[in-house]
Amino acid sequence: MAAPIIQTKITSNTDLLRDITETLREIGCCPRCILRYIGERKGDVYRLTTQEIEKMVESILKKENVFPLTTPCPVCLGILQTYIDEEFLYKIKKAVEEDDYEFKTFICSLTIPVCILVREHSVLIHLQDKFKDEYEVMTLPDFVSIKEAWKLRCGPLLSNLINVPFDQKSMFDIAVLFTYDRSDKECTFLSDERPDLFVKRKSKNFRNLDDTFTRNNVIKALDSMSEDLFKRLYKTPPSPPKSSCNFLDIKCSHEPVFVAGRYNKYSRELSQTPWIIEGKRKGESSVEEEICNLIKKTFKYEEGRFSASGREDVDVRMLGSGRPFVVEMINPRKVTVTEEEMIFLQQEINKNSTDVKVQDLQIVSKEETNNLKEGEMEKTKCYSALCWAAEPLTADKLLKLDSIKDLVMQQKTPIRVLHRRPLATRERTVHSMSAKLQDDHHFILLLNTQAGTYIKEFVHGDFGRTKPNICTLLDMECDILTLDVESVELEWPKRLENNHTPDEL
Amino acid sequence: METNIEHLPNDQSETRNGSDKTHLSVVERYYKPKYILDCQANEDEDLCILTHSNRICIITLAPTHPVVRDKKTIKQISFKVGGIDRLNNKVSGKGKRGAQELNAGSPICKIACVDGEEFTVYSGIKGQLIEVNECLIQNPELILKKPLTEGYVAIVLPKLKDHEHVLKKLKTEEEYRQRRVHLSDAGGS
Chain S
1 MAAPIIQTKI TSNTDLLRDI TETLREIGCC PRCILRYIGE RKGDVYRLTT QEIEKMVESI
61 LKKENVFPLT TPCPVCLGIL QTYIDEEFLY KIKKAVEEDD YEFKTFICSL TIPVCILVRE
121 HSVLIHLQDK FKDEYEVMTL PDFVSIKEAW KLRCGPLLSN LINVPFDQKS MFDIAVLFTY
181 DRSDKECTFL SDERPDLFVK RKSKNFRNLD DTFTRNNVIK ALDSMSEDLF KRLYKTPPSP
241 PKSSCNFLDI KCSHEPVFVA GRYNKYSREL SQTPWIIEGK RKGESSVEEE ICNLIKKTFK
301 YEEGRFSASG REDVDVRMLG SGRPFVVEMI NPRKVTVTEE EMIFLQQEIN KNSTDVKVQD
361 LQIVSKEETN NLKEGEMEKT KCYSALCWAA EPLTADKLLK LDSIKDLVMQ QKTPIRVLHR
421 RPLATRERTV HSMSAKLQDD HHFILLLNTQ AGTYIKEFVH GDFGRTKPNI CTLLDMECDI
481 LTLDVESVEL EWPKRLENNH TPDEL
Chain V
1 METNIEHLPN DQSETRNGSD KTHLSVVERY YKPKYILDCQ ANEDEDLCIL THSNRICIIT
61 LAPTHPVVRD KKTIKQISFK VGGIDRLNNK VSGKGKRGAQ ELNAGSPICK IACVDGEEFT
121 VYSGIKGQLI EVNECLIQNP ELILKKPLTE GYVAIVLPKL KDHEHVLKKL KTEEEYRQRR
181 VHLSDAGGS
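The listed protein sequences derive, respectively, from chains S and V.
Counting in the UniProt record's numbering, the first sequence runs from 1 upward without gaps.
Counting in the UniProt record's numbering, the second sequence runs from 1 upward without gaps.
Worth flagging that the hints you see were computed from the coordinates, not collected in a lab.
Watch out, some of these pointers could steer you wrong.
Below are the DSS-like pairs computed for lysine-lysine, each with C-alpha atoms no more than 30 Å apart in a straight line [to be verified]:
id	chain 1	residue 1	chain 2	residue 2
1	V	K90	S	K467
2	S	K494	S	K334
3	V	K94	S	K412
4	V	K110	V	K90
5	S	K456	V	K145
Make a model of the complete structure from these sequences and hints.
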């Protein structure tokens with residue numbers, strides 16, 4: 001084994017380098033942490049085995065049998081010692097396999113105890129005290145970090161173990177979590193000194209209740225603290241830890257994947273999303289559930305976020321070529337499907353639901369999903385409404401409506417949504433209308449309107465709060481009995497061939 | 001949406017001439033009518049409060065209110081009452097900030113009749129004033145012709161904590177009909 005040529009270190013003076021290395025060894029640093037602090041920046045070096053690195057440091061020290069250490073490193077708390085061997089990597093491999101994700105590349109992330117930041121800071125101050133010329137201008141980011149050192153060694157090894165390439169832009173992340181029992185205790189001097197920086201965040205993140213100390217606020221507190229004060233409140237060099245930090249968990253996760261399509265709804269009793277009032281569920285199902293239940297079975301995601309280009313009321317049908325929707329799948333286990341599998345999934349959804357049919361089901365990119373909401377307010381919508389009139393009608397009377405073009409009306413926030421929306425008078429345009437007489441008292445009203453128009457209120461007037469309305473236009477009391485959305489004019493997601501429109505099914 | 005099965009008596013569902021009417025009106029579908037009898041101890045000045053499942057309450061004159069019952073000719077309806085101009089009511093945001101706070105005894109408007117009689121319409125319930133029906137200023141006769149729809153007086157939103165209590169104090173349709181026996185007499189005509 002040829003020891004790599006020593007270079008890119010903090011000094012080219014080998015005696016001085018030995019003194020520095022000796023100082024780091026005295027405080028108990030592990031060989032990888034020693035390399036980091038003497039300014040080794042070459043990735044290849046960190047890829048070497050522990051034994052090779054030990055030999056290398058021993059050669060700098062001009063000593064033998066210094067390593068292996070029997071005590072945990074006071075800086076990395078064992079992350080670059082015990083948690084870097086093959087045995088630990090097998091543990092990760094096992095955990096990843098058990099989680100059963102589909103992935104073609106991976107990235108790895110480490111969560112390390114926050115107190116390591118304090119310990120690193122302490123070592124640097126110690127070095128600056130003893131070797132002013134070499135370390136005065138150095139800051140922690142100038143050295144290879146613990147995470148980098150770990151990944152340089154473990155990344156390729158893990159890649160071999162799980163037989164998947166490492167990719168910085170991978171959507172699949174293997175997160176390795178370490179904790180240290182005394183981490184918060186070691187940081188308390190910071191919050192005692194700068195309570196302003198450690199205000200408990202309210203409401204946000206109830207999941208992590210013990211998040212008083214974060215990377216950000218600890219770094220901020222350390223940066224703002226004078227060296228003298230730090231030395232008084234903490235120790236330089238850091239004291240040897242009683243134990244290594246603990247390996248807590250391995251958490252795999254995949255970036256969201258999006259499935260889009262169009263849905264039709266043929267029920268007047270099905271809401272778009274689950275309808276829950278004061279904790280009590282209303283309605284048996286919803287469009288969202290009819291669609292997502294089977295998508296979830298296929299992609300095995302943790303949470304699905306359904307959104308659509310607008311919505312229709314529970315008692316309104318969605319006809320024509322359907323309403324575009326997208327499901328953001330959080331942490332999916334399966335991420336690719338063949339065209340056949342997708343068609344099969346679509347057929348399954350349509351077979352399983354009598355009230356909801358989907359078409360153009362496909363995977364879309366995150367960027368593409370922006371199209372869904374962009375068109376929402378500008379596009380026009382077509383509706384068909386069955387209306388009732390109090391007085392006998394004739395086709396002639398209804399002709400009046402057909403001639404009206406681009407009618408601008410003043411619409412006050414409908415009473416039925418007033419409890420949760422601000423009160424405002426909005427101008428909305430009915431581009432065109434046509435009415436077909438059904439019998440003396442009934443007609444079908446076809447409407448083409450600006451998005452955001454409340455159709456029911458346009459017909460019955462909502463206590464005179466939408467003006468003009470069909471009652472004022474026909475000069476008689478009118479009411480809306482049923483409403484259908486005939487089209488949502490949005491050309492997204494792309495139409496697929498071999499796709500039967502739901503009406504044909 | 002809550003469908004209200006408590007029908008209004010026939011003579012109350014105004015302008016229902018279509019003999020083939022087979023569906024419930026907007027008011028019947030979405031609102032439960034509740035009543036206040038002799039509001040603020042003024043004899044016969046009954047209010048009908050249309051209550052929506054979303055907590056919104058619409059203050060209207062009941063058919064037995066003297067103005068509606070006697071088909072008074074109205075000279076003027078004014079929202080300047082008790083030293084407050086209800087037209088100045090401005091609400092903003094979902095929370096309806098800035099709404100005038102009403103109690104059961106807060107006056108909303110004054111109805112001046114041609115015969116010299118004057119009536120004050122009170123809120124009848126505790127809540128926030130969302131809007132008054134400004135159309136009544138130009139067309140006071142709406143309150144006679146369509147008291148339960150276009151002729152409404154005001155929209156009031158009781159606070160969430162008060163809502164249940166507010167509703168409990170109101171009379172139901174049944175109680176109202178029992179107490180106003182003459183109504184059921186007139187019902188058949």
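Here is what the structure says about each hint:
no. : hint            : result
1   : V:K90 - S:K467  : 21 Å, holds
2   : S:K494 - S:K334 : 23 Å, holds
3   : V:K94 - S:K412  : 14 Å, holds
4   : V:K110 - V:K90  : 20 Å, holds
5   : S:K456 - V:K145 : 23 Å, holds
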